Amino acid sequence: METQVTEKTSPNLSLDTNDPVYATLTQCAKRISQLLAAPTVTANSDVESSLDDFLGAVYALIIAKRKNFQDRPDRPINIKPVAQRADRMAAGNVKTDGLWIAGFYFNNALFRTAAVYHRILKVVAAPAKGDVPTLQSAALARYAGWNSIRLHKVHSQVNELKHDPQGVYRGRLVSYGEALTAAGDLLDLIEAWTVNATPAPTP
17 METQVTEKTS
27 PNLSLDTNDP
37 VYATLTQCAK
47 RISQLLAAPT
57 VTANSDVESS
67 LDDFLGAVYA
77 LIIAKRKNFQ
87 DRPDRPINIK
97 PVAQRADRMA
107 AGNVKTDGLW
117 IAGFYFNNAL
127 FRTAAVYHRI
137 LKVVAAPAKG
147 DVPTLQSAAL
157 ARYAGWNSIR
167 LHKVHSQVNE
177 LKHDPQGVYR
187 GRLVSYGEAL
197 TAAGDLLDLI
207 EAWTVNATPA
217 PTP
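Those letters in the sequence shown? Residues 17 to 219, by the numbering used here.
Derived by calculation from the structure, the hints in this document are not laboratory data. Be aware that one or more of the hints could be misleading.
To be verified - Below 20 Å or equal to it, Euclidean Cα-Cα: the simulated SDA-like pairs (lysine to any residue) are: (1) K46 - Q86; (2) K169 - N124; (3) K138 - N212; (4) K81 - K178; (5) K46 - D69; (6) K46 - I78; (7) K83 - P97; (8) K83 - L29; (9) K83 - T56; (10) K138 - A213; (11) K83 - D113; (12) K178 - R88; (13) K81 - T112; (14) K145 - R158; (15) K111 - L29; (16) K81 - A45; (17) K81 - G114; (18) K81 - N124; (19) K83 - G193; (20) K83 - P36; (21) K169 - T197; (22) K138 - I165; (23) K178 - D113; (24) K169 - P143; (25) K83 - R158; (26) K81 - L71; (27) K83 - A131; (28) K178 - A131; (29) K96 - G119; (30) K178 - L189; (31) K83 - I165; (32) K178 - P89; (33) K81 - S191; (34) K81 - R158; (35) K111 - I93.
To be verified - Restraint-style ranges between C-beta atoms, simulated for each label pair: (36) V110 - A53: 17 to 25 Å; (37) A102 - A142: 17 to 25 Å; (38) V98 - S49: 33 to 41 Å; (39) A142 - S49: 19 to 27 Å.
Model, not experiment: these values are computed from the prediction. Note that the Cβ used here is the ideal one computed from N, Cα and C, for glycine as well.
Work the whole structure out from these sequences, hints included.
So this is what it looks like as structure tokens:
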């Protein structure tokens, strides 16, 4: 018999589900919970581990909103507060609020979403192989009606963060709203896969 895992919750993290953003994020968490109970998912540890990491993306989006994340599509980074924060950290004083920490959580959500997207594409587009655009094309051909536009944008943004010398210094391409939509689109793809996939036989 499986032991039930208990977690402590803090009333400070209760979300107002009348807020449309929090309602969407809690719905994403519910969908992840339902997927983790699906036979096709429980039979595939790759998808289980991807959903584990993706729940972290949802969490990061929640905290980014709570920290008052602000989109900055055409505004470069103000480096002076970053230098001040580094000085305070060096002295052992760590600030846990403000726009920088909100951006930290938002970037965390982007990285997790892009990573899980690539991993899930390898599952749902199999036996196709290759880079994200190749796998994305195979998935689009297989799952008619699925929308990959926002996920493609998140993936491109993360590639800039990883590979472009400037990162997102000049501003982000992806807005909070687009990251939220991308989360739903990724769950759409996984849900479509669970309908069509056949669970592996029990040994």
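Each hint, compared with the structure:
1. For the hint pairing K46 with Q86, the CA-to-CA distance comes to about 26 Å; that exceeds 20 Å, so the pair is violated.
2. Simply put, K169 and N124 have alpha-carbon atoms about 15 Å apart, close enough for the 20 Å limit, and the pair holds.
3. As the CA atoms of K138 and N212 are separated by approximately 15 Å, the hinted pair is consistent with the 20 Å bound.
4. For the proposed pair K81 and K178, the alpha carbon gap of about 23 Å is over 20 Å, so the pair is violated.
5. Taking the CA atoms of K46 and D69, the gap is about 15 Å. The hint holds against a cut of 20 Å.
6. Proposed proximity of K46 and I78 is supported: the alpha carbons are some 14 Å apart, at most 20 Å.
7. Restraint check for K83 and P97: satisfied, since their Cα atoms lie roughly 16 Å apart, inside the 20 Å limit.
8. Proximity of K83 to L29 is assessed by CA-CA distance (about 12 Å); at most 20 Å being required, the pair is judged to hold.
9. Pair hint K83 plus T56 does not hold up; C-alpha atoms about 36 Å apart against a cutoff of 20 Å.
10. At roughly 14 Å between alpha-carbon atoms, K138 and A213 fall within 20 Å of each other, so this suggested pair holds.
11. This hinted pair checks out: K83 and D113 have alpha carbons roughly 6 Å apart, not beyond 20 Å.
12. In summary, the hint linking K178 to R88 is supported, as the alpha carbons are separated by about 19 Å, within the 20 Å threshold.
13. Restraint check: the Cα-Cα separation between K81 and T112 comes to about 14 Å, which is no more than 20 Å; the hinted pair holds.
14. Straight-line distance between C-alpha atoms of K145 and R158 comes to about 14 Å, which keeps the hinted pair within the 20 Å bound.
15. Restraint check for K111 and L29: satisfied, since their Cα atoms lie roughly 18 Å apart, inside the 20 Å limit.
16. A distance of roughly 16 Å separates the Cα atoms of K81 and A45; the hinted pair therefore holds under the 20 Å criterion.
17. Between K81 and G114 the alpha-carbon distance is near 11 Å, which keeps this suggested pair within the 20 Å criterion.
18. Between K81 and N124 the alpha-carbon distance is near 13 Å, which keeps this suggested pair within the 20 Å criterion.
19. Restraint check for K83 and G193: the C-alpha separation of about 15 Å stays at or below 20 Å, so the hint holds.
20. Distance hint between K83 and P36 is fulfilled; the C-alpha atoms sit about 17 Å from each other, no more than 20 Å.
21. Of the supplied pair hints, the one linking K169 and T197 holds, its CA atoms being roughly 11 Å apart against a limit of 20 Å.
22. Only pairs whose Cα atoms come within 20 Å are accepted, and K138 paired with I165 is accepted, the gap being roughly 18 Å.
23. With a C-alpha separation of about 25 Å, the suggested pairing of K178 with D113 is violated against the 20 Å cut-off.
24. With a CA separation close to 24 Å, the supplied pair K169 and P143 exceeds the 20 Å bound.
25. The straight-line distance between the Cα atoms of K83 and R158 is roughly 39 Å, outside the 20 Å bound, and the hint therefore fails.
26. For the hint linking K81 to L71, the alpha-carbon distance of about 16 Å falls within 20 Å, and the restraint holds.
27. Annotation: proposed proximity of K83 to A131 is violated, straight-line Cα distance about 24 Å (limit 20 Å).
28. Under the criterion of a C-alpha separation no larger than 20 Å, the hint pairing K178 with A131 is consistent with the structure, at around 12 Å.
29. Taking the CA atoms of K96 and G119, the gap is about 16 Å. The hint holds against a cut of 20 Å.
30. Proposed proximity of K178 and L189 is supported: the alpha carbons are some 14 Å apart, at most 20 Å.
31. Distance check on the hinted pair: K83 and I165 sit about 27 Å apart at the alpha-carbon level, beyond 20 Å; violated.
32. Among the hinted pairs, K178 with P89 is consistent with the structure: their alpha-carbon atoms are about 18 Å apart, no more than 20 Å.
33. Distance restraint check for K81 and S191: the Cα-Cα separation of roughly 12 Å lies within the 20 Å cut-off, and the hinted pair is therefore satisfied.
34. Simply put, K81 and R158 have alpha-carbon atoms about 34 Å apart, too far for the 20 Å limit, and the pair is violated.
35. A C-alpha spacing of about 18 Å is found between K111 and I93, which places the hinted pair at or below 20 Å, so the restraint holds.
36. Between V110 and A53 the CB atoms are about 38 Å apart, so this pair departs from the stated range of 17 to 25 Å.
37. Look at A102 against A142: about 44 Å separates their beta carbons, and that is not inside 17 to 25 Å.
38. Roughly 37 Å separates the CB atoms of V98 and S49, a value that falls within the hinted 33 to 41 Å.
39. For the pair A142 and S49, the supplied restraint of 19 to 27 Å holds, since their beta-carbon distance comes to about 25 Å.
Hints 1, 4, 9, 23, 24, 25, 27, 31, 34, 36, 37 from the earlier list are contradicted by this structure; the remaining hints agree with it.
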